[in-house]
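Chemist: Take a look at the letters that make up each chain.
Protein chains: 2
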Amino acid sequence: MHGCCIWLCCGNCRWANWEFHVGFDMRAGTVISLASVHDADADAGGARRRRQVLYRGFVSEIFVPYMDPVEEWYYRTFLDAGEYGLGLWAFPLQPGGDCPANAAYLDGHYSGQDGRPVEARNMICVFERYSGDVAWRHTEAGFPNQLITEVRPDVSLVARMVVSAGNYDYILDWEFKTSGSIKLVVSLTGLLEVKATAYAHADEVAQDAHGTLVAENTIAVYHDHYVTYHLDLDVDGTNNSFVKNIVTAVVRDADADAAADTPRRSYWTVRREVAEREADGQVDLGGGAPADLVFVNPGKKTRMGNEVGYRVVPGGAMAASVLADDDFPQRRAAYCKKQVRVTPYSRSEKWASGLYADQSTGGDGLAAWSERDRAIRGEDIVLWYTVGLHHVPYQEDFPVMPTLSGGLELRPSNFFERNPLLTTMPIGHGRPLVNCSCAGGDSISR
Amino acid sequence: MHGCCIWLCCGNCRWANWEFHVGFDMRAGTVISLASVHDADADAGGARRRRQVLYRGFVSEIFVPYMDPVEEWYYRTFLDAGEYGLGLWAFPLQPGGDCPANAAYLDGHYSGQDGRPVEARNMICVFERYSGDVAWRHTEAGFPNQLITEVRPDVSLVARMVVSAGNYDYILDWEFKTSGSIKLVVSLTGLLEVKATAYAHADEVAQDAHGTLVAENTIAVYHDHYVTYHLDLDVDGTNNSFVKNIVTAVVRDADADAAADTPRRSYWTVRREVAEREADGQVDLGGGAPADLVFVNPGKKTRMGNEVGYRVVPGGAMAASVLADDDFPQRRAAYCKKQVRVTPYSRSEKWASGLYADQSTGGDGLAAWSERDRAIRGEDIVLWYTVGLHHVPYQEDFPVMPTLSGGLELRPSNFFERNPLLTTMPIGHGRPLVNCSCAGGDSISR
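The listed protein sequences correspond, in order, to chains A and B. Okay, so the first sequence: first residue is 1 according to UniProt numbering, each after it adds one. Okay, so the second sequence: first residue is 1 according to UniProt numbering, each after it adds one.
Don't read these hints as lab results, they were simulated from the structure. Misleading hints may appear alongside valid ones.
Pairs count within a copy or across copies, as identical chains cannot be separated in the list.
Taking lysine to any residue pairs in the SDA-like style, the calculated list, with each CA pair at most 20 Å apart, reads [unchecked claim]:
| # | residue 1 | residue 2 |
| --- | --- | --- |
| 1 | Lys338 | Gly287 |
| 2 | Lys301 | Tyr199 |
| 3 | Lys301 | Val205 |
| 4 | Lys337 | Asp173 |
| 5 | Lys301 | Arg50 |
| 6 | Lys338 | Pro290 |
| 7 | Lys301 | Ala209 |
| 8 | Lys300 | Arg48 |
| 9 | Lys195 | Trp73 |
| 10 | Lys301 | Val251 |
| 11 | Lys195 | Glu417 |
| 12 | Lys300 | Leu191 |
| 13 | Lys300 | Gly112 |
| 14 | Lys300 | Thr238 |
| 15 | Lys301 | Glu216 |
| 16 | Lys337 | Gly287 |
| 17 | Lys300 | Tyr55 |
| 18 | Lys300 | Val205 |
| 19 | Lys300 | His201 |
| 20 | Lys337 | Val205 |
| 21 | Lys195 | Thr238 |
| 22 | Lys301 | Asp41 |
| 23 | Lys301 | Ser36 |
| 24 | Lys338 | Ala289 |
| 25 | Lys338 | Gly288 |
| 26 | Lys195 | Thr269 |
| 27 | Lys300 | Ala202 |
| 28 | Lys195 | Glu140 |
Take the sequences, apply the hints, and build the full model.
Modeler: Structure (structure tokens):
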């Protein structure tokens, strides 16, 4: 089912149960398209066993507003994709450093300012990952004098690009798991934006410095990072619905309780809410009811009668913007007030900050589209997810920052009839899996 | 600074810049104590360069309430540590499966029911991890015709235990990073609790089934997982304070704006709030103002004058309990309504669900202690952090569940004068780092 074989040809990638295309775009960086997964349990016949998951996914924008209000810092509310280009600010990956020794590399191509083709080498790496983690396991202790343990190691495939947007470096990973999950991980590193100051010690700071004194005469300015993904999911076909499975408390009152057949006073159940229009597709992950957010295909059901779906599992970094709605930087990136938005697919709606982000006044961006309140039930819909961080700098982030990660997992949810990893074979008796820095005979301590 | 050498002797572990003790406890499972980190930038003199971080950390409780209210399911509101014992339900780890080939193993010892010592083999594994990730990097494109890229791979140390609490398996990782971070990761797998039903298809479900139909006549019941850590941080000494660095929006009104020297209407700054009493130490991560939650040592400052600290970075799985306060299961695990609580250290306050969890009515647990509202500023304080998941089962979770992870990172925040990874050497010219399943000559596809 999986192993060492990665088939990679002109960006077409086949690995384990996955098949997808890895592309390069000047503005978006990596573009994943036509991702489908093999389902051994699906109806017989080769074609139906390969099932669509993602039509196209890419980072639509990275919004980085700095929080020093003085005029000289006013322009530092960067839209890294729309103003600079994530592909243009990706640089050749360092083999063995940015990506492990087993990585394969893909080049990028785009048209230069003079219209001629430009070849950018080693823009994306693709590698198999074994981190020492477990895909599934169980120890059954229920049999007398017998322990049965089954474990399967977790091996995945990563497609990575690194964008050095001026001072800051974003490591952008697409991780494909044999469980059917796609994990999107943003790792932040690189250099902080700093400003000169007369202060040489925190005791001297007399008024709001708009940042942290990280070294003598050096303030690292407060800022945000919002990495917004455009995820045109096609869960088993084009027409999907966005469902909130809302965890809803049920509390019995004391009188009813006395007569009830159980002492349990409260529990929760799931209230299923199908988003009809775009307004229902806006979710603030920081407030409101806890919910599983699921893209389903209402036309396809499992054998058990559940709608097939993929859900969004947030993996940290869930900040939303706190700027005033009428502030100019916020108008350009108004979509950052909600981490999740769902819109109907439109060919012209690719860039969250608008096609001409540099000159945008907010009229042609994701927030404006999303306000049109179009119907999204059973349509070809797009998930926009924003990974957000309020970045208060600390001294450890200076002069270069240890990586800090956040992201999300797109996880099959009643997509398969059962755990698709069940058929994975256990570890053999050859030389076992390793994942340490000694494995290649090398050490990083030199 | 780091590399292949793990020094492990009777649970004492030294690796890279870390030193700590790994212990075993019948109830808590793994206990990490006296964790300290070497600081090359600290004042000369060997002793002062080794700095305390964590006095003692362990999983205090795992609360798993099921959401079927019928009497036969009433007792299924498990306190896995207090009622069963995480150490007692940990089983020998499978080399090559639960832990990679480069892992070392530790045994556990405890007194059996007859008072005699019991030796439990291979309870905890300790291994170095290289996942293909980056510790820090930057590409500097600011010099004409010159690209300078520096990358350092991320190599860490993991101490792992797997607890198979009946049907369910928890993979509990403590990951020590050379950046000074300690990551706590809970990975959930194993078997769902199911109940028999007459339903064979979702269309037949006539009333709330309290779960998901995952197979014919099989309902996987809704439930929660709350993994509560007791983290007695000693940041550079015993007496610490709990600080909320609250991201606070500043909005200028339009009139003032016209006269101002900047067109920027809004920004955020940090309001520093020191928790005086236990009530200030209770935080609901799902609501309220975004904040960096920091343990600081008010008696120790960096050279720049910032208080030394470690902060909590949530890594997903941030659910809080929605049960009614007077419901019996909730009374026993009342602490699950807030993900973060800070209490003064008390020798008798180890178990969030109380010393005698099985018979507890809530009077001797974390919520009751935390309600005493004791002073916590500049004291020997304890961080209690609950990783929480509302688990709506899906068909993929059946019959065994692919791992789903959540956790937190304890991250140095003005603890070091600068990024402690700066001194890491780049990759050498030997055989480079690998992390794939082929590395050991083995494949998992057999």
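Chemist: Does each hint fit the structure? Answer for all of them.
Modeler: Hints, verified against the model:
1. When the C-alpha separation of Lys338 and Gly287 is checked against a cutoff of 20 Å, the pair qualifies both within a copy, at 10 Å, and between copies, at 14 Å.
2. In the homo-oligomer, the alpha carbons of Lys301 and Tyr199 lie at most 20 Å apart only across protomers (16 Å), although the nearest pairing inside one protomer, at 64 Å, exceeds that limit.
3. In this homomeric assembly, Lys301 and Val205 come within 20 Å of each other (Cα to Cα) only across copies, at 15 Å, whereas the closest approach inside a single copy is 62 Å.
4. For the homomeric pair Lys337 and Asp173, neither the shortest alpha-carbon distance inside one copy (24 Å) nor that between copies (34 Å) is at most 20 Å.
5. With identical chains, the CA atoms of Lys301 and Arg50 are at most 20 Å apart within one copy only, with a shortest distance of 16 Å there and 59 Å across copies.
6. With identical chains, the CA atoms of Lys338 and Pro290 are at most 20 Å apart both within one copy (15 Å) and between copies (14 Å).
7. Taking the closest pair of Cα atoms, Lys301 and Ala209 come within 20 Å of each other only across two copies (19 Å); inside a single copy the shortest separation is 57 Å, beyond that limit.
8. Only within a single protomer do Lys300 and Arg48 lie at most 20 Å apart by alpha-carbon distance; the minimum there is 12 Å, versus 64 Å between protomers.
9. With identical chains, the CA atoms of Lys195 and Trp73 are at most 20 Å apart within one copy only, with a shortest distance of 10 Å there and 61 Å across copies.
10. In this assembly of identical chains, the alpha carbons of Lys301 and Val251 never lie at most 20 Å apart, being 32 Å within a copy and 50 Å across copies at closest.
11. In the homo-oligomer, the alpha carbons of Lys195 and Glu417 lie at most 20 Å apart only across protomers (18 Å), although the nearest pairing inside one protomer, at 56 Å, exceeds that limit.
12. For a Cα distance limit of 20 Å, the shortest separation of Lys300 from Leu191 qualifies neither inside one copy, at 48 Å, nor across copies, at 26 Å.
13. Proximity of Lys300 and Gly112 under a CA criterion of 20 Å is satisfied in neither setting, with 45 Å inside one chain copy and 54 Å between copies.
14. Only within a single protomer do Lys300 and Thr238 lie at most 20 Å apart by alpha-carbon distance; the minimum there is 11 Å, versus 59 Å between protomers.
15. Proximity of Lys301 to Glu216 under the C-alpha cut-off of 20 Å is restricted to the inter-copy arrangement: shortest distance 15 Å between copies versus 62 Å within a copy.
16. Taking identical chains as interchangeable, the C-alpha atoms of Lys337 and Gly287 lie at most 20 Å apart whether they share a chain (12 Å) or sit on different chains (15 Å).
17. Taking the shortest alpha-carbon separations for Lys300 and Tyr55, only the intra-copy value of 17 Å comes in at or below 20 Å, while the best inter-copy value is 54 Å.
18. Taking the closest pair of Cα atoms, Lys300 and Val205 come within 20 Å of each other only across two copies (18 Å); inside a single copy the shortest separation is 62 Å, beyond that limit.
19. In this homomeric assembly, Lys300 and His201 come within 20 Å of each other (Cα to Cα) only across copies, at 14 Å, whereas the closest approach inside a single copy is 63 Å.
20. Taking the shortest alpha-carbon separations for Lys337 and Val205, neither the intra-copy value of 32 Å nor the inter-copy value of 38 Å comes in at or below 20 Å.
21. Neither within a single protomer nor between protomers do Lys195 and Thr238 lie at most 20 Å apart by alpha-carbon distance, with minima of 49 Å and 35 Å respectively.
22. For the homomeric pair Lys301 and Asp41, the shortest alpha-carbon distance inside one copy (14 Å) is at most 20 Å, but the shortest distance between copies (60 Å) is not.
23. For the identical chains of this complex, Lys301 and Ser36 are intra-copy neighbours only, at 18 Å inside a copy versus 53 Å across copies, given an alpha-carbon limit of 20 Å.
24. For the identical chains of this complex, Lys338 and Ala289 are neighbours both inside a copy (14 Å) and across copies (15 Å), given an alpha-carbon limit of 20 Å.
25. Taking the shortest Cα distances, Lys338 and Gly288 sit within 20 Å of each other both inside one copy (12 Å) and across copies (15 Å).
26. Taking the shortest alpha-carbon separations for Lys195 and Thr269, only the inter-copy value of 16 Å comes in at or below 20 Å, while the best intra-copy value is 52 Å.
27. When the C-alpha separation of Lys300 and Ala202 is checked against a cutoff of 20 Å, the pair qualifies only between copies, where the shortest distance is 13 Å, while the shortest distance within a copy is 61 Å.
28. With identical chains, the CA atoms of Lys195 and Glu140 are at most 20 Å apart between copies only, with a shortest distance of 18 Å across copies and 59 Å within one.
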